[in-house]
Amino acid sequence: MSAVIESHGHDDHHHGPAKGLTRWLYTTNHKDIGSLYLWFSFAMFLIGGAMAMVIRAELFQPGMQIVEPEFYNQMLTLHGLIMVFGAVMPAFVGLANWLVPMMVGAPDMALPRMNNLSFWILPFAFFILLSSLFMEGGAPNFGWTFYAPLSTTYAPPSVTFFIFSVHIMGASSIMGSINVVVTIMNMRAPGMSLMKMPLFVWSWLITAYLLIAVMPVLAGAVTMMLMDIHFGTSFFNAAGGGDPVLFQHIFWFFGHPEVYIMILPAFGIASHIIETFSRKQLFGYSSMVWAMASIAILSFVVWAHHMFTVGLPLAAELFFMWATMLIAVPTGVKVFNWVTTMFKGSITYETPMLFAIAFVVLFTIGGFSGLMLAITPADFQYHDTYFVVAHFHYVLVPGSIFSIMAAVYYWIPKWTGNMYDERLGKLHFWLSFTGVNVTFFPQHWIGLAGMPRRVPDYALQFADWNMISSVGAFLFGASQILFLFIVLKTVMGGKKATSKVWEGARGLEWTVESPAPYHTFSTPPKIN
Amino acid sequence: MNQGSKKTIRTLCFAVLGMFTFSFALVPLYNVFCEVTGLNGKIELRATNDTNIEIENGRDVSIQFVSHNNEEMPWTFEPSEDSIKIKTGKYHTATFYVKNPTDRTMIAQAIPSVAPSNAASHLKKLECFCFEQQELAPGEDALLPVRLIFDDKLPSAINSVVLSYTIFDVTDYDGIELTQNTHNSHVMEPSL
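In the order they appear, the protein sequences are chains Z and X. Numbered per UniProt numbering, the first sequence finishes at 528, counting up by one with no gaps. Numbered per UniProt numbering, the second sequence finishes at 192, counting up by one with no gaps.
Mixed in with the good hints there might be a few duds.
[Said to hold, decoys possible] Below, computed lysine-lysine pairings styled on BS3-like, alpha-carbon distance capped at 30 Å:
1. Z/526 x X/7
2. X/7 x Z/196
3. Z/495 x Z/280
[To be verified] Here are some chain Z residues pointing at chain X (derived, C-beta under 8 Å):
4. 107
5. 174
6. 456
[Unchecked claim] A few chain X positions that, by computed beta-carbon distances, are all more than 12 Å from chain Z:
7. 8
8. 52
9. 63
10. 80
11. 117
12. 125
13. 127
If you are wondering where the hints come from, they were derived from the structure by calculation, not from laboratory data. Backbone N, C-alpha and C fix where the C-beta goes; we use that ideal spot for every residue, glycine too.
Can you build the whole structure from these sequences, using the hints too?
Below, the structure written as structure tokens:
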């Protein structure tokens, strides 16, 4: 690089943000990119949520009411894909962008230009995916798990666009993860050893390694599908010597670590918030780190518990059952640590704390139904029923999504310099909490009673609970409009936040003023 | 950017490439793993070359034949007998009737499946129509043989075995050769 450009880059360093739209297009600032990720994720959350509303509206009563079954399947598929890859994952990447550099005392992410690229390819991925709704044959309709040969031989033509959009999402995630790992491993302030890192940073370091390990496997799986569809190979086509069960093995080898990718950062967030509002040091820091690391390692050896009914041999069923149950041990350690942190603390119940406590309670319910599903013989009954739907929504909605909302309320004073409206925040919490439980708790019962998942119509005996579930879903959906309003109101103005914001807050991000200046920690802070 | 960052980036990029390669390596690994451990009941479907397999005084085992047509496969395809009793260590020939009722020449491939899975590795075949693709002219029919034997190591708990074939239309796949190690038998899933 020439000296001229270098000195120009040096001058830029002291500027504030650029003006206009190009600020967002060309930005390499971790805070800008963090905001972009978070807003993108919010938009996807609302789009995926609208699809969930279509699903619940159709299921409000038995019989076909509103949409065609074909369109219902497309909604179901896109809802899953958008919520997983468009809402939850980008939200966590956005939080990592905002918080990781500030928490480790680094001036920015290690690879700022790649950071820009990894965000800006995402809108294209989802534009491609959503545009498939308007293509001949409709959008992908085979469920977010896209089992071959349903997603190859029997798929609509738009599946090729789906494959490319997954490639782009994967590239974005991989670049984002490399950025996070390089930042954490090489740019920590002097004196911050690994075991002094804030837990959110730890959770993201582990998540990033998981992403680097499994997103390429997902890319491989969709590439094999592409080859089966267009180049005459038979990876998953039994007629040509391939094996449909192999697809499930490859998919879940990616898929199980993927579900921990969506929950580990939530563990980090909950740890910070519970510690802050309990006004106590977190109980069992090092056991939290070891628990997250063990969960991550175990996630690679449990994938076949998603496929107990494909005809696995007994030895494999036993192995995957026990390995899965083993995960309850480190997860239990984490839950006990959170509860012990709260024990005898001077707790106050601000909105982030409400969401964090709800996270611990409701995530644990989701964890318990997961343990039930891990029991192989029981799984033969639960498999592909609404019990599974209830299980993974309990870990994803009041798990991942609640933790993201908690994080937004907790750090938004630092991001905007304004306090959010506490009264509206609490209202949002109680509406969401009620909505989530009314939506998903009855699904346990209709699942155990035998209602299959992924159906647009159902037998009459499931009618009452489905109607209640739909009412809950509409409540939850509507209360997110309130969330949008609260966030916008806070961005526009409000009571000025202090640097520390919360009485019990710990960590480097609370040492800089609110709102956090465009450039922080240009000189590394001192860590004691 | 410092040296440490560059090294981390290099390592991570190799990890990404490595995992992408690994996803493709899973395809042969899956087959090899299943063959070596016997998990999933996968066995090589080459003709057996074991000459010491025949014994006198084997025990009785019943074998049931099941035939399936893959979706939109118009051929008639059925076993000549639904079920037979055979003795372990004795060769037996069973036949399947096929007919191409269409007015075009078609090529088919049959893929076998054995239940219970731990019987699969004890079921040996000297010849089988599933070893190669079958071509039938319009209206043509044939009696396809499979010559099979159970070795005497068949677990004593197993008294009845299901051998199922699914027949696939591979006319459009003409020219694609199946590789030997993908000629595997699959565990038949009772609920499928």
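Ascending list of hint numbers which this structure does not respect: Result: hints 4, 6, 7 and 11 break, sorted rising.
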